[in-house]
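For the protein sequence lines, the chains are A and B, in the order given.
Its first residue numbered 1, the first sequence is counted upward by one per residue in full-length UniProt numbering.
Its first residue numbered 1, the second sequence is counted upward by one per residue in full-length UniProt numbering.
Everything labelled a hint here was simulated from the structure, so no lab data went into it.
Any given hint could be a false lead.
[As the list claims (entries may be wrong)] Calculated lysine-lysine pairs in the PhoX-like style (CA-CA distance at most 25 Å, straight line): (1) K239(A) x K218(A); (2) K89(A) x K99(A); (3) K143(A) x K144(B); (4) K140(A) x K144(B); (5) K221(A) x K144(B); (6) K151(A) x K175(A); (7) K120(A) x K144(B); (8) K224(A) x K175(A); (9) K295(B) x K218(A).
[Said to hold, decoys possible] With the Cβ distance kept under 8 Å, some of the chain B side facing chain A (calculated, not the full set): (10) S66; (11) E68; (12) E120; (13) P140; (14) S149; (15) G192; (16) G234; (17) E260.
Glycine is no exception: its CB is placed at the ideal position from the N, C-alpha and C atoms.
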Amino acid sequence: MKKLTATIGLLALLLVASLGLTSPASAQKKMIQIKGSDTMVNLVQILAEEYMAKKPGTAIAVLGGGSGTGITAIINGTCDLANHSREWKPKELDLAYEKGVRPRIFAIAVDALSIIVNEKNPIETLTMAQVGSIFRGEIKNWKVLGGPDQKISLYGRQSNSGTYSFLQEHVLNNKNYSPDVKEMNGNAQIIEAVVQDLAGIGYVGVGYLYDEKGEVRKGLKVLKIKKDDNAPEYSPLDKEAVYSAKYAISRPLYQCTNGKPSAAVADFIRFELSPEGQAIVEKEGFFKIGKDLMDQNEKNLR
Amino acid sequence: MISVKKKGVLGDLKESLIQKIFQTSGLLAIIVLLGIFALLFYTAIPAFREVSLKEFLTSTRWDPTSPERPEYGLLSMLASTVMVTIGALLIAFPVGVAVAAYLSDVASPRVREIVKPVVELLAAIPSVVVGFIGITLVGPMIAKIFNLSHGLTALNGSLLLAIMALPTIISISEDSLNAVPISFVEASLALGANRWQTLVRVKIPAALSGIIASLMLGMGRAIGETMTVLMATGNARAFPQGFLQSVRTLTANIAIELGEVPYYTTHYYALFAIGLVLFIMTFFVNLTADVILEKQKRKLQ
Numbered sequence: 001m002k003k004l005t006a007t008i009g010l011l012a013l014l015l016v017a018s019l020g021l022t023s024p025a026s027a028q029k030k031m032i033q034i035k036g037s038d039t040m041v042n043l044v045q046i047l048a049e050e051y052m053a054k055k056p057g058t059a060i061a062v063l064g065g066g067s068g069t070g071i072t073a074i075i076n077g078t079c080d081l082a083n084h085s086r087e088w089k090p091k092e093l094d095l096a097y098e099k100g101v102r103p104r105i106f107a108i109a110v111d112a113l114s115i116i117v118n119e120k121n122p123i124e125t126l127t128m129a130q131v132g133s134i135f136r137g138e139i140k141n142w143k144v145l146g147g148p149d150q151k152i153s154l155y156g157r158q159s160n161s162g163t164y165s166f167l168q169e170h171v172l173n174n175k176n177y178s179p180d181v182k183e184m185n186g187n188a189q190i191i192e193a194v195v196q197d198l199a200g201i202g203y204v205g206v207g208y209l210y211d212e213k214g215e216v217r218k219g220l221k222v223l224k225i226k227k228d229d230n231a232p233e234y235s236p237l238d239k240e241a242v243y244s245a246k247y248a249i250s251r252p253l254y255q256c257t258n259g260k261p262s263a264a265v266a267d268f269i270r271f272e273l274s275p276e277g278q279a280i281v282e283k284e285g286f287f288k289i290g291k292d293l294m295d296q297n298e299k300n301l302r
Numbered sequence: 001m002i003s004v005k006k007k008g009v010l011g012d013l014k015e016s017l018i019q020k021i022f023q024t025s026g027l028l029a030i031i032v033l034l035g036i037f038a039l040l041f042y043t044a045i046p047a048f049r050e051v052s053l054k055e056f057l058t059s060t061r062w063d064p065t066s067p068e069r070p071e072y073g074l075l076s077m078l079a080s081t082v083m084v085t086i087g088a089l090l091i092a093f094p095v096g097v098a099v100a101a102y103l104s105d106v107a108s109p110r111v112r113e114i115v116k117p118v119v120e121l122l123a124a125i126p127s128v129v130v131g132f133i134g135i136t137l138v139g140p141m142i143a144k145i146f147n148l149s150h151g152l153t154a155l156n157g158s159l160l161l162a163i164m165a166l167p168t169i170i171s172i173s174e175d176s177l178n179a180v181p182i183s184f185v186e187a188s189l190a191l192g193a194n195r196w197q198t199l200v201r202v203k204i205p206a207a208l209s210g211i212i213a214s215l216m217l218g219m220g221r222a223i224g225e226t227m228t229v230l231m232a233t234g235n236a237r238a239f240p241q242g243f244l245q246s247v248r249t250l251t252a253n254i255a256i257e258l259g260e261v262p263y264y265t266t267h268y269y270a271l272f273a274i275g276l277v278l279f280i281m282t283f284f285v286n287l288t289a290d291v292i293l294e295k296q297k298r299k300l301q
């Protein structure tokens, strides 16, 4: 009997809630649904908030889930704009064309993929090849790299993550990840894990390195990366090195639509690419996009 | 004599209508179950066009998005699921039965009135909250005790699942202890046995099938639990080497990968095949529990 009363109560509540949702005031608002990359979710959320403050007629909802999730959502038509931190895979493009989806891609920021370890780890610098070996599971102990005699504890993202794919392609040379990588649910969880784990190593988007005050999170060390043994080392925190492409693992962060963006979506993308939007990008720890990509964006907006 | 009101034609109609409604509801449960099974089966089968059943069941490598060669072996995750579940039951079963015995035999009515609702409340904690406790409290504790660099291990998952299986084990064990006829207890005490001997040698053996059923139902809960293990066990794909390593269970794997997988690909179908394996596992565990409970009922009648 109690259950029955509870069920009826719940139904009533749902009814009231659904009535509230269809009130005329909210029906007139333009809705933009954004989904995808976990690396980009905070950045795009802040961009959306700034935009909504300026244009109260638009409501933007930003969801994470990973680049793969966003691209799948565009293919399946369940969002207006997808965030993705890697490029489309040929398979995904085929699937999109099969379904009549024509992706248009915009680069809205640049990320320097950051390799992080615990603050107490004595290692300062790794080469690209070393990072690859570590995540392929070939180097298993910090001792090999001149650190303490301790088993390396690997943290990574899940296979739907653009960061996962990007690292696999550009640093692991398209080889398998070690099965010992602990797959965490997003950048923030990797950071929490590495802050606690003295033997930990992980990879995150540069925007996640900072706390609210704009300083690098306590307990974290951001490694400098060398292209090869003889190359100079650069940190992803070094703006100049990232802008001049001296930092080896940087990548554009993308958004895409199905076909020509609608007026509302195009207006939002224009805001992201405006000097004001790009200033927010830098404030959040990411990097502005260069002229070539900007020209490409302009073409895709038309 | 109880007086029965005379019913008219309308009353008869009403009664048969209500009967029909109840009957349909009962049937509906069966139809839903069969429907889920059929859907799982239907969606899982295409996976085996590209993946051999042998690879699926005996390979330890699962890496469907590998740029080298996609691999679809379920064995590591199956072993992890079994390991985490057994670990949870090793912790929860003794504790659960002890609490049940305490509640049915020792506790004063006042204590029982407080403890029982608290135990039931334990079942109401959302699994994501339990998982959070695993990340922030239990995990770091495990790391400290065993001198590990991190606590995202199978043991962490087992401990948390034990907490989640406890309410099931306690309440069903207690029910079956209470169902032991008072005459058994009186006979035992009359023969000079003390309360401990009565509990251990008479009550628990008499209620044993119910207690075992509680274990099976707790197991069903532990096998199917997703969010908690997803958060607490680290989700490494390697074959489990021990309780102090990161493992990935079947449920966690589905939760991790189903959201991103392109629809109607081998990877997608393979995830449903994992779902089918899970369904069959929990189905048999629950079926066994039901059979045992039914036996117990008959034995005590």
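Consistency of the hints with the structure:
no. : hint              : result
1   : K239(A) x K218(A) : holds (20 Å)
2   : K89(A) x K99(A)   : holds (16 Å)
3   : K143(A) x K144(B) : holds (22 Å)
4   : K140(A) x K144(B) : holds (22 Å)
5   : K221(A) x K144(B) : holds (22 Å)
6   : K151(A) x K175(A) : holds (21 Å)
7   : K120(A) x K144(B) : holds (17 Å)
8   : K224(A) x K175(A) : holds (23 Å)
9   : K295(B) x K218(A) : violated (60 Å)
10  : S66               : holds (5 Å)
11  : E68               : holds (6 Å)
12  : E120              : violated (13 Å)
13  : P140              : holds (7 Å)
14  : S149              : holds (4 Å)
15  : G192              : violated (45 Å)
16  : G234              : holds (4 Å)
17  : E260              : holds (3 Å)
The earlier numbered hints that this structure contradicts are 9, 12 and 15.
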